[in-house]
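**Q** Given chain C's structure and the hints, the job is docking chains S, E and G onto it.
Residue numbers (full-length UniProt numbering), protein chains in the order written: chain C, 1 to 339; chain S, 1 to 339; chain E, 1 to 339; chain G, 1 to 339.
Think of the hints as simulated: they come from the structure by calculation, not from any bench. Note that the structure is predicted; figures quoted are calculated from it, not measured. Note that beta-carbon positions come from the ideal geometry of N, C-alpha and C, so glycine has one too. Careful, some of the hints might be misleading.
[To be verified] Which residues of chain S face chain E? A few of them, derived with a C-beta cut under 8 Å, are:
| # | residue |
| --- | --- |
| 1 | P73 |
| 2 | E87 |
| 3 | S90 |
| 4 | A94 |
| 5 | F95 |
| 6 | K101 |
| 7 | H130 |
| 8 | A267 |
4 protein chains.
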Amino acid sequence: MNFASDNVSPFCPEILEALTKDASVNAPAYGGDALSQQLDAAFSELFDKEVAVIPVTTGTAANCISLSELVSPYGGVVCHHEAHINEDESTGVAFFTGGAKLLPMDGPAAKLEADGLDGFVSGLVDRGVHSVSPECVAITQATELGSVYKVDEVKAIGEVCRKHDMRLFMDGARFANAMAHLKCHPADVTWKAGVDAISFGATKNGAMAVDAIVLFDTSLKPRIEQARKRSGHLHSKHRYLATQLLAYIKDDVWLKNAGHANAAAQALADVLIKQGASLTHAAEGNELFVKMSPDLAGKLRDAGLMFHGWPSLGADVYRFVAAWNADIVQITKLNTTLG
Amino acid sequence: MNFASDNVSPFCPEILEALTKDASVNAPAYGGDALSQQLDAAFSELFDKEVAVIPVTTGTAANCISLSELVSPYGGVVCHHEAHINEDESTGVAFFTGGAKLLPMDGPAAKLEADGLDGFVSGLVDRGVHSVSPECVAITQATELGSVYKVDEVKAIGEVCRKHDMRLFMDGARFANAMAHLKCHPADVTWKAGVDAISFGATKNGAMAVDAIVLFDTSLKPRIEQARKRSGHLHSKHRYLATQLLAYIKDDVWLKNAGHANAAAQALADVLIKQGASLTHAAEGNELFVKMSPDLAGKLRDAGLMFHGWPSLGADVYRFVAAWNADIVQITKLNTTLG
Amino acid sequence: MNFASDNVSPFCPEILEALTKDASVNAPAYGGDALSQQLDAAFSELFDKEVAVIPVTTGTAANCISLSELVSPYGGVVCHHEAHINEDESTGVAFFTGGAKLLPMDGPAAKLEADGLDGFVSGLVDRGVHSVSPECVAITQATELGSVYKVDEVKAIGEVCRKHDMRLFMDGARFANAMAHLKCHPADVTWKAGVDAISFGATKNGAMAVDAIVLFDTSLKPRIEQARKRSGHLHSKHRYLATQLLAYIKDDVWLKNAGHANAAAQALADVLIKQGASLTHAAEGNELFVKMSPDLAGKLRDAGLMFHGWPSLGADVYRFVAAWNADIVQITKLNTTLG
Amino acid sequence: MNFASDNVSPFCPEILEALTKDASVNAPAYGGDALSQQLDAAFSELFDKEVAVIPVTTGTAANCISLSELVSPYGGVVCHHEAHINEDESTGVAFFTGGAKLLPMDGPAAKLEADGLDGFVSGLVDRGVHSVSPECVAITQATELGSVYKVDEVKAIGEVCRKHDMRLFMDGARFANAMAHLKCHPADVTWKAGVDAISFGATKNGAMAVDAIVLFDTSLKPRIEQARKRSGHLHSKHRYLATQLLAYIKDDVWLKNAGHANAAAQALADVLIKQGASLTHAAEGNELFVKMSPDLAGKLRDAGLMFHGWPSLGADVYRFVAAWNADIVQITKLNTTLG
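So that you can see chain C by itself, here it is in the shape it has in the complex (with noise of 0.2 Å):
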C-alpha cells in the first residue's frame, strides 16, 4: 500500500477508456477538435457560470501560467509558507510572470485566515517603487497539509483582496478531495467567493496528466493562451488533455475518486489512531499527518506501507497521502495485520 502520494496512483478506468476510444480516428490539432471544443461549455455548467477552461499537464503549469497574467513582473503574491508555489516549483513563480516575488505567510494547516491576511498586506502596500507589493494571493484548496477551507473563509480572504484590490488565486491541485469534503457546489467556494482563476486538478485524482486552468475572469483567456504556447504547455493533439477531462468530471467521476480517497484516509485515520498515533490536525482531504512512535512507523513499514516522514512539523510526524485508487478493504485489514 503505497501512501507515498497520490501521484503514485495510475489514470482510471474512465480515462483509460476515454483515452482508447479517441485512440484511433483523426482530429485536428491544438485544440481545434470537438473534445477541445467542449471544454468551456462542459466547465461553465459545472461551475454555474462562464469559463475558460485552458488545459495543461501539470499543476506547476497551471499554477504559473495562471499567475503569469494575476501578477506583474514588479508584483508580490501572498501565499502560505507551506504552499506548494513556494516549497515544491522551484523557481517556476519568478519565471513564468517575469520576475514576481513570493510573500509567504504563516497560518494554521496550511491555511491563511483573513485576519492575518489583512495585517499582512497592510504593512506591504503603497510603499513606493523600492519595495515589492502585494498584487495577488494564492491560496491552495485543499491545502498541502490537507485541510479544507470552508466556503465562508474563502469569502473572507476574497475580500481582503478586493479591499487592497489584489487577485485571488486557487491552486486547486486538490481541489475534488476538497469538494467531496466540503459537499457544497464548486461555484460558493471558487468565483461566488472572489477567485479568479483556478488550476483544477485532475492528475493526482484519476487523469493521468491534465490540469485545467479555469478562468472565472475570461478576458484573462487570450494572454493565457499566449503563455501557455510559449512556455511548450499547448499540446498538438490537445484533444487527449481534452478528453481527460471530459471523462473526468463526466457523471462526478472526479467526486467519486475524491470521495473515495477522502474515505480511505479516514479509514487509515481509524487504523493508526487505535495503534496510538495521533493526528497533528484535522484530515479534512486525502492527507494524513500522523504523529506516531518509531516503533508503530517501523512496524507499517513493515506491514508493507509506504510513506514519507514530514519533518517540517516534528521529527516524528509522517504523512499519508491516500489516492483514489486506496484499497479501503486492505487498509481495515491492517487492525487484524498490526494487531
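**A** Below, chains S, E and G without anything else, positioned relative to chain C:
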C-alpha cells in the same frame, strides 16, 4: 484523408497497449519508477553512446529547454528562417534562455549549408558586448520543408560549429522520418557529426504526447532537469512518458511508423504529379510541398483531402503531410477518383 | 579630430555649470528633490502636451525600459535592420520585455516606410499563438544612418500603427539632431504623429549621462517607474539627472549643440566631396556615410582624423560623426591641409 | 540637518574637480579611454590582488548584475531579511538572474551568523529539482542596520560557503563606512575571507553616481560585462564613471569621507543619548537606530533635523544616517539647542 499535419493523427496501437498495461498499478512519481529508469539505457543503446534522456510532452518544450543550456542569455542561436523555433514557437526561445536571440539565415529547402553558415557566423563573432554573438546552431532534421540533411552535411555543419566554438542542436520533431529516409545509424547524423543534443520527437509519429531531450553531452543533465521542473514540464506520473518512449523505440516502431508515413507521402506525390502538379523540391520525409492549379486543389478538396496552402513558397503552393496512419491504399485509389 | 562617434565628446559648459552649482547642498533622494520635480512641467512645455519624464543614464536603458510597457512578452517590435535596438543593444529588448522579439525589416537609409511597414505587418498579424505578432513599431529619429524622418513620414507610420493596433516608439538618441534639421515643433514629429513614447537623448549631444524617457501616454508612468527601479536605473542622487536635463533644454542648448554638430557634419561633407568622396545618402543630421578611396581614407587618417569603416554599406564606406563640440574652423582648414 | 539618508548628500569636491578637469576633451567611448583603463590596476592595488572592475551607477545594478553570475536561474541567494536586495531592490534579483529566489534568514543587527547560516543552509541543500537550493550567500558590509562584520565573522561565513559549495557576495554600498570602522586592510574582509565579488559603493559616500562591481574571481568578467551591457548599464561616456572612482580612492578620499560620516554619527549618538534616547544596537558605521520618546523626536524635528521612523524595529525607533558632509560642529551645538 487529412494531410493538414502529422499531428492530426491519433496515437498508435503499440503505445495504447503500453499505456493500458501500465494503467492499473502504483509506481513512484517524478521518474523514480522502473520504466523511467530504463530510458537512459534504452536510448544509449539506440544511439550507441551513453546519453541522458529527459522526456517532455511537446516539441517546443524539448527545443526550448535544450537551448536554455546551449546558449547564454546574451547569445544568439543561428537557425534557418523556416525553423520551427523561429516561426512557430512564439517567444519561447527568448523565454527559456533568458533573452537569447534567434539569428535566422537562408538556405535551400530550409536547410543550412555549412559554407553559408561559416560566412554568416564569421560576420557576427567577436563584435563585443553591444552585439549578439552566435553561441549555438540549431538545425531541424527532417526540416520544416520536408528535406533531410545527409550525414556529410551535418558533419560539415558540426565542423563549422567547432571552428567558431558554437554548440550544435538538432530539432528532431521528425527525426524518425529523416532516419527512415537516410537508413543510416542514428549516431552518424547526431553525436558523431557533432550534435550536442536533440529533441527526439515521438508525438507526430505515433505517440500521444512525448518528445525526448536526448543529451549527447551528459554533463548538461542536471541543469536541463532543473530547467524542466522550473518550467512545469516535469510530470508526476512520469512513467507514462517513459512507457510511450519505450514502446516507440522497441522493435523499431518509430522507424516502421515513419517509413509508412514517408511511403504514403511518396504515393501521394505520384498521384499529384500524375494530375499535373509538381513538387517545389524533393520530398525526402513525409511532407510534400506541391505547386498546382486552383482547379486541382479544388478537385482534391472535393475528394475529401485536407491540406494547407503554403504562401511563403508561392500563392499556388500547398503542403501535404502524411502521418504514420495514412491509408496508402486509399491514396492510390485517388488516381481513379480524380480521373 | 575625432569623428568616431558623438559620444567621444565631453559634456558641455552649461551642464558642467549646472552640476557644479548643485554640488554642494543636500536634497531629497530618488526624485523627491526640487529639480526632479520640475521635469514633467519643463518637458510638457517643450512638447506642448502633458508628458511624464523618467530619466535614465543610457540610451539602451531608455529604449528597453520604454519598450517593456509597449509590447507584451509574447509580441514583436518592428524595427529597421539597422536599428540600435537590433544591432547594438545586445539582448536588451528581450530581457526587459520578458521575451519580446524584434521583427526587423528594410527601408532606405535606415528609415521604415509606411507602405512597406503596412505590407510587412499585414503578413504577420492574426497568425495565432504560434507566431509572434507585431505589437509595437520602433523608429529612430535621426536614424542610425543619419537620415531624418519628415513629419509626414512619421504621421504615415503612426497611421499604420493605429490601423494594426500597434504602439509607436521613437528612439531619439539623436532627436536633437533631427529637430535641428527639421526646424519643426517637437510635437509635430512625436505625439501629434502618433508616437506614444520617446527616448529623448542628451548624452551624445552634450550631457554627461542622461537620456529621458518621455511618455506622451502618461498612463504608462507607474509601470515604467517600476521597470526603471527593478532594473537598477533609478538613481538615488536623481537630481543630477534632472539638472543635466533642465540645463540641456533651457535656452535651447540642445538645439544649439545639435545645430552645431549638424553644421560641422556639413562642413566636413563639403571638404570630403571636394576631395573626391561621395555620400551614400543625404546627410541630414550629424552623421556622414562616405564612399571614398583607400588613398583618401589614408590621407585623412594621416591628417589626424578618427573615423570608422562601415562595411555593412560597402567595403569603401566610412562613417563620420560630428559632435556638439566639433571645431568647424579646423574642419574647414582641412581643405588646405589635404590640398 | 538631513539625516534621512546618506544619499541626500551631494558629491564631494574631489569628484567635482575630477569631473571638471575631464569635461573639455574628447576620449574613446565605452571604457576605451585612458581613465577607464586604469581602473583594474588601481583597484588591484587597493585590494592587493588582481581584480576586475566593472563600474555602474547604482547599488541595485551593482548587486543584481553581480548576482546574475553567482547564482543560476534555479538557485537561491541566502541573505538577511533586512538585506537591501530583499527589501529595497524591487524584483531586481529575480529579473537579473532569470528567476533566482531570495532565501532570507534572521540574525542580530542585520548580520548573518556563520552557525545559523550553516544550519539554515543544511536544511535546504540536496532537496532535488522541486526545491530551490542555495547557491550563493549575500552579506552587506556595513549592514542595513549600521552594524559591521568583523574579519573573523566574514571568514567564518566564507567557510560555510565553501562547505556547501556556495558563492559569497558582499553588498558594499557602505563598504567605506565599514572599513573606516574596522581599520583593517580591504583584502582581509573580502577575498581573503572568501568573498567572490563586491559591489564597492561610492555614491552614498561622496560620488555623484558610481558603484563598482569588483570581481575577485576575474573569470567572471566577460559575462558580467555582457550582463551590464544587456541591462543598459554600460555608459558611453564611461570615463565619467572611471574618473569618479579614481578620485574616490585616490589619497584615501573614500576613507576620509566615511571616517567623517562615522564620526558624525557618533557625535549625534552622544547628543541623543544625552537627551535620553538609546541605541537599539551599537552604531559601527554611519547609521544610528535610536529608540526615543515622541517628545524628543518632535523636539529634534523642531530643531530642523530630518530622519525616518523605523517601524520594523519598533514604533519608537528612528533611523539617522550621517553623510560624508555632515557638519559635526553643528551636531555638537545641538546639545545647546536642545537644552
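**Q** Now tell me, hint by hint, if it's right for this structure.
**A** Hints and how they fare:
no., hint, result
1, P73, "6 Å, holds"
2, E87, "7 Å, holds"
3, S90, "6 Å, holds"
4, A94, "4 Å, holds"
5, F95, "4 Å, holds"
6, K101, "5 Å, holds"
7, H130, "5 Å, holds"
8, A267, "29 Å, violated"
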